[in-house]
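Undergrad: Respectively, the protein sequence lines represent chains R and A.
Position one of the first sequence corresponds to residue 275 (the working numbering), numbered consecutively onward.
Position one of the second sequence corresponds to residue 261 (the working numbering), numbered consecutively onward.
Honestly, I wouldn't trust all of these hints.
Distance condition first, Cα-Cα at most 25 Å in a straight line; then the derived PhoX-like pairs of lysine-lysine [to be verified]:
1) R:K384 to R:K403
2) R:K392 to R:K417
3) R:K469 to R:K417
4) R:K416 to A:K292
5) R:K418 to A:K292
6) R:K416 to R:K469
7) R:K418 to R:K469
8) R:K384 to A:K292
9) A:K304 to R:K417
10) R:K416 to R:K392
11) R:K403 to R:K392
12) R:K403 to R:K416
From chain R, some residues computed to sit far from chain A (all C-beta separations above 12 Å) [stated by the list, open to error]:
13) P353
14) M362
15) Q365
16) T372
17) M373
18) C432
19) Q471
20) V500
Simulated restraints, written as ranges between beta carbons of each label pair [unchecked claim]:
21) A:V368 to R:T330: 46 to 52 Å
22) R:K392 to A:F532: 45 to 51 Å
23) R:S424 to A:F532: 44 to 50 Å
24) A:T275 to R:S451: 53 to 59 Å
25) R:S504 to A:L421: 34 to 40 Å
26) R:S424 to A:T263: 35 to 41 Å
27) R:G425 to A:G287: 44 to 50 Å
28) A:L525 to R:M275: 57 to 63 Å
29) R:Y288 to A:G393: 56 to 62 Å
30) R:D395 to A:G287: 55 to 61 Å
31) R:T339 to A:G351: 27 to 33 Å
Because the hints were derived from the structure by calculation, they are not lab data.
Glycine included, every Cβ here is placed at the ideal spot set by N, Cα and C.
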Amino acid sequence: MGVSIEVQNLNAWYGSNHTLQDINLNIPANHVTALIGPSGCGKSTFVRCINRMHETNPIARVTGTVRIGGLDIYADARPVEIRRRVGMVFQRPNPFPTMSIYDNVAAGLKLNGYSNRKRLDEIVERSLKNSALWDEVKDDLKKKSGASLSGGQQQRLCIARALAVDPEVLLMDEPASALDPVSTAKIEDLIFQLKSQYTIVIVTHNMQQAARVAEKTGFFLNGRMVEFDSTHKIFTNPSDKRTEDYITGRFG
Amino acid sequence: MVTDHAVTALAVLATILVILPLAFIFGYLLIKGASSLNLNFFIKVPVPEGELGGGMANAIAGSGVLLGIASLIGVPLGIGSGIFLAEFGRGTRLANAVRFTADVLNGVPSIVMGVTAYALIVFPRVRFLPFLGHFSALAGGVALGIMMIPTVCRSTEEMLLMVPHSIREAALGLGVPNWRSTLSITVKTASPGIITGCMLAFARVAGETAPLLFTALGNEFWSTSVNDPIAALPLQIFNYSISPYEDQHRMAWGGALVLIVLIVLAVSLVRFVTSRGVLKGNS
Numbered sequence: 275m276g277v278s279i280e281v282q283n284l285n286a287w288y289g290s291n292h293t294l295q296d297i298n299l300n301i302p303a304n305h306v307t308a309l310i311g312p313s314g315c316g317k318s319t320f321v322r323c324i325n326r327m328h329e330t331n332p333i334a335r336v337t338g339t340v341r342i343g344g345l346d347i348y349a350d351a352r353p354v355e356i357r358r359r360v361g362m363v364f365q366r367p368n369p370f371p372t373m374s375i376y377d378n379v380a381a382g383l384k385l386n387g388y389s390n391r392k393r394l395d396e397i398v399e400r401s402l403k404n405s406a407l408w409d410e411v412k413d414d415l416k417k418k419s420g421a422s423l424s425g426g427q428q429q430r431l432c433i434a435r436a437l438a439v440d441p442e443v444l445l446m447d448e449p450a451s452a453l454d455p456v457s458t459a460k461i462e463d464l465i466f467q468l469k470s471q472y473t474i475v476i477v478t479h480n481m482q483q484a485a486r487v488a489e490k491t492g493f494f495l496n497g498r499m500v501e502f503d504s505t506h507k508i509f510t511n512p513s514d515k516r517t518e519d520y521i522t523g524r525f526g
Numbered sequence: 261m262v263t264d265h266a267v268t269a270l271a272v273l274a275t276i277l278v279i280l281p282l283a284f285i286f287g288y289l290l291i292k293g294a295s296s297l298n299l300n301f302f303i304k305v306p307v308p309e310g311e312l313g314g315g316m317a318n319a320i321a322g323s324g325v326l327l328g329i330a331s332l333i334g335v336p337l338g339i340g341s342g343i344f345l346a347e348f349g350r351g352t353r354l355a356n357a358v359r360f361t362a363d364v365l366n367g368v369p370s371i372v373m374g375v376t377a378y379a380l381i382v383f384p385r386v387r388f389l390p391f392l393g394h395f396s397a398l399a400g401g402v403a404l405g406i407m408m409i410p411t412v413c414r415s416t417e418e419m420l421l422m423v424p425h426s427i428r429e430a431a432l433g434l435g436v437p438n439w440r441s442t443l444s445i446t447v448k449t450a451s452p453g454i455i456t457g458c459m460l461a462f463a464r465v466a467g468e469t470a471p472l473l474f475t476a477l478g479n480e481f482w483s484t485s486v487n488d489p490i491a492a493l494p495l496q497i498f499n500y501s502i503s504p505y506e507d508q509h510r511m512a513w514g515g516a517l518v519l520i521v522l523i524v525l526a527v528s529l530v531r532f533v534t535s536r537g538v539l540k541g542n543s
């Protein structure tokens, strides 16, 4: 099941660059939340703070509180535990090139020492079915490399890989921006199906995509969150002038 | 268009210039060496000077022992230090110092490596440490092993740095600890290149003579003991080629041919074994 995410006074830096300033936000459980805004506005940094990936950069720094299902992830948990509870799908599909399709999906479990063959088989099958890839790859699971798939298939493989560790939250950083329209549609269908089981946060440059998949939308600008509301409200009747300018294409 | 053709022509010319000497050396070795190769060459030890017959079985086995010891030292230390440079020590002073040392070590004349191993193993006499204090296969292997380290280390580092950052992020994003991600994902992804680096280092030291002169010393008799002086193909070739006997000259040519062929075989074998697990669709 998905859990809610509460963010309080979140600030983030890259070196001396203050990329996120005083973000306060409640992301509801089992919903799709989209984050939109021009390049460099901090939306990617924001999702990277939710699974503590931001701090893997040596010059990065974070302050503030993030609670995932009540757990204060910066005070009460180790980064590796958080990353198992918060899956991430990146902008470019990044399957492990030396691994088979099967091993790619099982990677998160195997590399954490999980070795029950039968359970792994079940989890791999379930994850690939959940990511709508099972029918396309079920005959080549252990024969083909993850890198041999098409871009769209690779991205669904990466989603399966993230689902296999049974996370509560799924972060997607522009998951369809490197894909063609057909693959994009498949990913969007998938997001729609997955929200019953996971809390999904999706960063996107594509405003139509946000309107299609998300119930809630947040608009980021220059490291601040300008507005957060239901997607319908943001796209039809935004409260802030800057949101309206962005939505209507006056900048960004 | 003209420039295109000119650049292509230059590249082809350069390739030919690189391949020609190699082809000449190999061809000349075949002509000079093949005639002295027979079964005895591979199963007999050398006969006293002036007598005919005998072989280089002890030198072939000796080279195997020496290169085995050298690889046991050079490959793990080289890969380990390469991983440190690329993954854990990136940007630190220690890493810069290690990288600089490796580059300098790469340029140190091989005879100096022999002196180093002499000073470390042949010269000191320590009670209860019977492997010190005399010429031995161990001393020769250490000299060759030290020579392998910088090549393996730097090529490992280069190969690891070529692994895309996105692959590391994917592993970290799954909650895999950093050390595990490094060993199971990054190193594994870079392994074809790392193996190439190891093979380069191996092939380079396989033909070294100078570091063995006062470490392995050479041996006229059959020996595979780590603790005794041992024969080696390059040493034997060197000794025979400066001897006054025509028969020994011919043996030296044969030895050189066998050395090259064995290196090619060893490198191909490693390539074959390590490429068997590669999956379809993975370059």
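Undergrad: Please write out, lowest number first, the hints stated earlier that are contradicted by the structure.
TA: 3, 4, 5, 6, 7, 8, 9, 13, 14, 15, 16, 17, 18, 21, 22, 23, 24, 25
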